[in-house]
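Trainee: Turn these sequences into a full structure, and let the hints guide you.
Protein chains: 2
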Amino acid sequence: MTTKLDIAVVGATGTVGETLVQILEELAFPVATLHLLASMESAGSSVMFASKKLKVREVDSFDFSQVKLAFFATTPAVSRSFAAKAHKAGCAVIDLSGALHDAVAVVPEANPERLGQLPQPALITSPSAGAVALAVALAPLKGLVDIERIQVNACLAVSAQGREAVSELARQTAELLNARPLEPRFFDRQMAFNLLAQVGAPDEQGHTAVERRLVGELRQLLGMPALKISVTCIQVPVFFGDSFSVALQSRRAVDLDAVNRALDSADSIERVEADDYPTPVGDAVGQDVVYVGRVRHGIDEDEQLNLWLTTDNVRKGAALNAVQVAQLLIKHMA
Amino acid sequence: MTTKLDIAVVGATGTVGETLVQILEELAFPVATLHLLASMESAGSSVMFASKKLKVREVDSFDFSQVKLAFFATTPAVSRSFAAKAHKAGCAVIDLSGALHDAVAVVPEANPERLGQLPQPALITSPSAGAVALAVALAPLKGLVDIERIQVNACLAVSAQGREAVSELARQTAELLNARPLEPRFFDRQMAFNLLAQVGAPDEQGHTAVERRLVGELRQLLGMPALKISVTCIQVPVFFGDSFSVALQSRRAVDLDAVNRALDSADSIERVEADDYPTPVGDAVGQDVVYVGRVRHGIDEDEQLNLWLTTDNVRKGAALNAVQVAQLLIKHMA
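If you're matching them up, the sequences are chains A and B in order.
Numbered by my numbering, the letters in the first sequence go through residues 20 to 353 in order.
Numbered by my numbering, the letters in the second sequence go through residues 20 to 353 in order.
To be clear, the hints were calculated from the coordinates, so they are not data collected in a lab.
We put the beta carbon where it would ideally sit given N, CA and C, even for glycine.
Keep in mind that a hint or two might mislead.
To be verified - One side only, chain B facing chain A, incomplete, derived with CB under 8 Å: (1) Ala193; (2) Leu196; (3) Gln217; (4) Asn325.
Said to hold, decoys possible - Straight-line Cα separation of at most 25 Å, SDA-like style, residue types lysine to any residue; simulated pairs: (5) B/Lys161 - A/Asp319; (6) A/Lys247 - B/Asp165; (7) A/Lys247 - B/Asp276; (8) B/Lys247 - A/Glu167; (9) B/Lys161 - A/Glu320; (10) B/Lys247 - A/Asp274; (11) A/Lys247 - B/Arg270; (12) B/Lys247 - A/His316; (13) A/Lys247 - B/Val314; (14) B/Lys247 - A/Ile318; (15) A/Lys247 - B/Ile166; (16) B/Lys247 - A/Ala245; (17) B/Lys247 - A/Leu246; (18) B/Lys247 - A/Glu320.
Mentor: Dropping the structure here:
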């Protein structure tokens with residue numbers, strides 16, 4: 020029998036936090052008391068859990084010594100303010116913001132062994148949706164493809180930026196269809212029927228934080244700290260579901276049959292045959308797997324493996340991964 | 020003084036054909052008589068040229084010996100049926116469909132010298148919009164970057180597939196915003212707020228015709244027949260304007276300052292500084308240049324050069340390139 024745990028979810032009113040609470044219930048996670056927390060603006064509202072209406076309280080005044088495990092589905096700023104405090108209070112932390120540089124990135128399909136090696140209480144990052152998707156898809160291929168370099172173009176859905184971004188895409192689209200003048204608010208320009216070449220501001224070298232995070236996390240997850248990874252993250256006019264064009268450069272010819280078999284035998288992967296292809300809206304949204312399609316060599320180049328991935332960025336890419344990490348983690352907890 | 024030429028435009032009622040006729044007028048191309056042609060279904064309508072309403076006639080019954088130069092802004096099937104006939108009748112052909120395998124791909128900014136080497140009458144391909152954009156952006160960098168490999172993710176606008184595709188994206192979007200059930204017609208599934216992982220059907224190796232065409236043409240345009248080019252072309256919910264994430268792998272460290280200077284001194288390139296970025300809708304549409312932004316090294320890798328390109332796929336990527344080729348070609352014509 021599993022011991023039930025007292026748990027906190029910080030950021031319970033956000034897109035990811037709300038889904039996370041829902042998944043705790045779906046997967047019958049052994050929760051004793053669930054504390055839902057948020058920043059001042061969102062505190063006071065209610066979220067349903069196990070047929071009960073739970074009030075969301077302010078994170079500022081919460082005593083983290085009451086809980087054994089806390090999820091931080093928050094902005095980096097909120098995680099930076101409270102995650103270390105929670106950890107010092109003896110609480111295992113699973114952070115989804117990417118703000119905790121000492122935290123270890125874990126995706127159960129890629130590096131579950133890391134959970135047994137951590138000092139308690141654990142300080143864990145549930146990686147960015149892109150790193151989760153790539154780690155899930157590439158982990159089964161590590162022994163098959165002698166990876167020299169990974170090239171990724173990530174097409175990110177607006178929901179990664181929260182509810183305001185989702186409403187803004189809808190509002191902009193409606194205004195354009197009704198031939199009304201467009202006034203961008205959340206995004207700095209037209210997002211509807213357009214592509215934005217970057218997500219967030221670039222640093223001095225021209226890379227955005229979301230790109231650097233993806234590279235750092237993927238190197239950790241694959242256990243290849245020096246792996247060459249080139250990535251461009253763009254913002255696309257899609258509400259939910261991230262998609263990735265991936266090219267793996269191998270040191271030798273890639274055996275496509277073996278690749279397909281390895282993908283097929285992975286539980287968290289749904290491979291789509293060449294006569295079809297997966298899309299974010301049609302396939303990925305609401306699902307617990309990473310869809311993999313367009314499995315092929317490079318043109319005139321058998322040392323290259325090309326893939327197309329798509330996954331629910333809020334669910335599999337964030338909330339579900341965090342809960343799946345927690346499911347493994349509690350086996351290691353005192 | 021330039022001699023005026025009798026010219027035919029086949030496919031004059033299509034998105035590209037109509038723009039091509041407009042550009043002939045804008046650039047004061049030396050036209051004597053302009054013959055507008057189309058397949059049976061579109062013949063009979065009129066197109067404005069030089070303040071005159073010109074009737075569009077059936078291509079089937081046209082005698083190509085009447086003209087010295089013919090543009091084929093048509094489907095591959097129509098080009099295959101009539102371009103060789105036109106060429107045999109002594110007519111220089113500039114084909115935009117990609118169907119003529121003997122034709123030489125030309126982009127004036129990349130390989131203008133090819134026009135002087137062709138047997139007359141010339142048989143020329145105005146390449147796919149992706150190949151045009153990449154050739155324009157990469158030609159000035161050839162001497163600076165020791166290119167070993169090019170990796171491209173192309174996000175193609177629906178207008179490349181004609182007016183029906185444009186209406187379909189608008190119709191699907193309106194239906195979704197009004198919560199009506201979606202019935203895909205032109206595309207095989209939901210295109211609004213979604214990404215399609217491929218444009219056209221893949222061959223046995225998993226590559227689409229548009230991807231093979233881009234690779235073949237770019238190798239020709241850069242004069243590097245064995246260049247390794249990896250490409251994924253996806254369909255995005257954007258009406259006009261193609262965008263490209265590009266990574267160039269070099270054999271030595273790339274000098275970013277030199278790259279920026281070379282891009283700045285190219286007439287057909289508009290470079291956008293790192294504090295901003297170009298988008299298809301906000302920048303490229305209606306313009307005669309290729310926008311280049313996000314110029315940067317790879318993460319931890321100075322041997323890689325990353326770029327983001329965006330261009331008007333109908334204008335610069337197709338119609339304008341064809342007319343610019345014709346402007347150079349007529350200097351070589353008898």
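Trainee: Any hints this thing doesn't respect? Which numbers, in order?
Mentor: none
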